[in-house]
Each structure stands twice: as structure tokens, then as C-alpha cells.
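Model the placement of chain B on the given structure of chain A, informed by the hints.
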Amino acid sequence: MSLEINCQLRRDQFNLEVHLTVAPGSVLAITGENGSGKTSTLDMIAGLLACTTGKISLNSRVFDDSTTNQFVQPEKRSVSTVFQGGGLFSHMTVEKNIVFGRGAAFRNTPRFDSAVEQFDLAGLLSRKPSTLSGGQRQRVALARAFLAPSEILLLDEPTTSLDATSRDEVRSAMKTFFETYNGVVILVSHDDAEIAELATNVAQITISRGENTTATLHS
Amino acid sequence: MKRSLSAPSGLWLVALPAAAIVIVPVLAVFWRTDWSSFLTSISNETSRTALVLSLRTSLVATSLALVFGTPLAWLLANRDFKFKSLVRAFCVLPMVLPPVVGGVALLYAFGRRGLVGARLDEWFGIQLAFTETAAILAQFFVAAPFFILVMEAAFDQVDRRIVGTARTFGAGPWRTFATVTLGLVRPSLLAALVLTWARALGEFGATIAFAGNTAGRTQTVPLAVYSQLESGGDDALALSTLMMIVSLGVLIALRGRWVSALRRGGQ
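Chains A and B are the protein sequences, given in the same order. Everything in the first sequence is counted per this note's numbering, starting at 1 for the first residue and increasing by one. Everything in the second sequence is counted per this note's numbering, starting at 1 for the first residue and increasing by one.
Same shape as in the complex, but just chain A:
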């Protein structure tokens, strides 16, 4: 019962090879240099990119399989995401952003109230993302991922480009979040301290350069 990834992504002169098994309740940190394919790995899990060859499955539910030509759309994969910069909808208020995965009626639930408290968003609900600081934006993105029903949580460098204070805020928000989360967490990060504090496993992308660049990720 876990997320299993055995797939390749081929592009021009770049090969990405991913072999990962991640159990629910664990937090896998992925590290590697820029351009090595960390974000592409998340995109393949989320369904924003298809594997060129190989298979991705969650608890024996097949998401992507090149041999049987199966491909499950992102909205059917029960993932939630925190992408770089937050990936917030700039034309919606904070409140609309965080209930996006649930619908407007979810505002009147205890879970919504607890998310607002946990991520310290009480004063921000009617604001637009453009008026928020980097740290506030990431907390909104975390709250949105927290509220959406999901079995896989993908985070792409959630604290990169934040100042030290916001980084600590966001990091402690993630810590509380992960403690109660039952699904699979995959965290792309450059920050050793963050990985030490949050992750239960680490996988590093190794790169071999030749005529073609091959990046390999093993758990």
C-alpha cells in the first residue's frame, strides 16, 4: 500500500529515470541540482506530465502506464500541491483560494475554521494574493492543500525565496500539517536543515552527463 513510481521521461537530450516507493505517513525529501528533474518528477505524479515509458500507481490504483496506455487526469489522482511561489489564483481572495478544492460551502465547516487557525490566516481571508508577503502566500498554499481531500501531498521548494523569519513560520506550519497527514508526502527541497526537520526519507537525483544527460532518482 504505497505510491510506486517506475518511469522514464525522455526529452531531446535529457533522460529522467525515477524509481520510488513511498509509504503513507512518510515524508520523502527529494534533492538534486537545478534542472535535474525534481519538478518534472512531481509533475508526473500529479498528472501534469505523462511518463514516456513506465508506470505510476497508488495503492494498486494505476495513474499512468505506458504499456496499457492508461493515464488518469490530475483531478482524479487525489493529489494536492504546493508549488513554487504558492501557485495561488491571483484573481481570487485568500478565502476562495483555500476552499478551491472543496467548494464554497466548505467555509462553514469546523475543518475550515481549524485550517484558518492552524495556518494563521484569520486577518487575510478577504485579501488578494498580490497583497501578501511571500511567507503569507505559502501559508495560504499550505492551507489550500490541507483542506483539499488528498492521498498525496506534493511540495516544490515551499520555502525557497523566503526570508529567514517567514521560512521558520512556513516550516513550522508544514511540521504541524505533516504530523496529522495520513497520505504520502513528497517534498522537494534544497535546504538540509529543512530536510532534517521534516523528512523521514531522502532521495537524491544523481546526474550523469554524456552525449545525453541522464538523471536518476532512487529511493
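Below 25 Å or equal to it, Euclidean Cα-Cα: the simulated SDA-like pairs (lysine to any residue) are:
1) A/K128 <-> B/P173
2) A/K96 <-> A/G123
3) A/K76 <-> B/L75
4) A/K96 <-> B/G164
5) B/K82 <-> B/V96
6) A/K96 <-> B/G183
7) B/K82 <-> B/R160
8) B/K84 <-> B/W74
9) A/K96 <-> B/L182
10) A/K55 <-> B/G164
11) A/K175 <-> A/L28
12) A/K76 <-> B/G172
13) A/K76 <-> B/T179
14) A/K96 <-> A/K128
15) A/K76 <-> B/W174
16) A/K76 <-> A/A115
17) A/K128 <-> A/R102
18) B/K84 <-> A/R11
19) B/K82 <-> A/R10
20) A/K96 <-> B/A178
21) A/K128 <-> B/I162
22) A/K96 <-> B/R186
23) B/K84 <-> A/A50
24) A/K96 <-> B/F177
25) A/K76 <-> A/R107
26) A/K96 <-> B/L190
27) B/K82 <-> A/T52
28) A/K128 <-> B/D159
29) A/K76 <-> B/R161
30) A/K96 <-> B/Q157
31) A/K175 <-> A/L162
32) A/K175 <-> A/T200
33) A/K128 <-> B/V163
34) B/K82 <-> B/T70
It should be emphasised that the hints constitute simulated quantities derived from the structure, not laboratory data.
Here is chain B on its own, set in the frame of chain A:
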């Protein structure tokens, strides 16, 4: 001494005629307008009929551009398909084509002996040329390119990652389009609609060739101005003034937003 970086000297001298050639005719129309009879002129039978027809046809043409142009603009911005640059070139062609040539082309396509028109007549008994529908089609032909161009630029500007994020949060492609993509391009969409409507409202060449100049049926305001001018009537000036006011109003309402919309998809 002025404390700023100097520009090439004498530019004003050369630039002024360029501005004057646009500004003077506008002022001339307002100067010559007889304001005491302005309201009677634009509310007499011919003017009123032309105004109502213009308003109706231009709004329908703009709606058609919205309904059919939006998907086309989205596809041009987001999908690769065969002959894409050819399709785009054809979409923009009416912007550089003399409108009257567009009217002739429409006639050969949808006229009674036209490529499609002959079949429409033969199979369904539908004749398009010289009808109000023809006036609408003529306006669509010349105005829709503005809509498609602005909207393609706008869709192109939308961050793919934001759209992807919406998908991961359970929104299917349609819900993502409706709530996220359309929300993000809203300022450009409004600019595109106003620009398209203004162009449709002013359409002359394609209309007179394809729809003719029949009062009450195909005589829109620009055609009425032309007829009045030919017959020496006084209403040409009043109707021109009205069109001028509408156009200036559009520009003031948009405050240059369509320029930036054309340049980088607005927002």
C-alpha cells in the same frame, strides 16, 4: 539647464504635424456640429433606424466573436496543430485587408451564387446577401480578428503552472477554464470585447459590398453617414459627431488598456 537626459532636438517640430492631422479633423467635426439641432438630427427616422440597426448588429457580431473567437484563441495559444500558423494568418488577414475586399470575398462565399451561398439557397432556401445577417457577418469578418488576437495573447500569458495547480485540486478542464483561466484573462477579455464592438460599429466597406445600403435593413450608421453626405443632407455631421463621441468614450473607458492588451495580453 533642465536636469534630465536630453532627447534628439527638433523632434516636436516633426511630431506636431502627425498629431495635428489626427486632432484637427476631430475638432473640426465638433466645431461644425450645430448643437441646437444635434438631438433632432440624430433622432429623425433615418438616423434612429440606422442607430438601432447598428447597435443590434454590432452587439450580435461581438457576441459571435466572443462565442466562437474564445475557443479559437485558446486553441491558438495552447495547442499545437497542423497548419496553425496558416490558421492564425487567415484569422488576422481581415485586419490588413481593405474591408470592401472582405465584402466582395463574403459575397463570393455566401452570396446567392457563392461557394456556400448557392448550396444554402438550393438546400434550405436561405439567402444571406443584402440582409441584416449579412451586415452582421460583415462586421464579424472585420472585427473578430481584434478579439482573437487580443485573446490569444491573453491566454498565452496565463501561467501554465497555475492552470495545472487548479487541475490537481480536483477541477476538470472545463471548471479550470471557467473559474481560473477566464478569471485571469478577465481584464483582457473586457478590453477585447469593447475593441471588437467599436470596430464592428464602425464597419463600412464590407457591409456596403456584402449587405448593401438599404435603409432599415442594412443601412448602419456609417452607411447612413455616407448616404447623407452624398445627398447633401445635414444629418451626416450629427451622426459623425455621435460616432466620434462613442469612439472617444471607448478609448477613455479603456484608458490605453487595449494597447497593452495587444502588446502582452493585458492583465
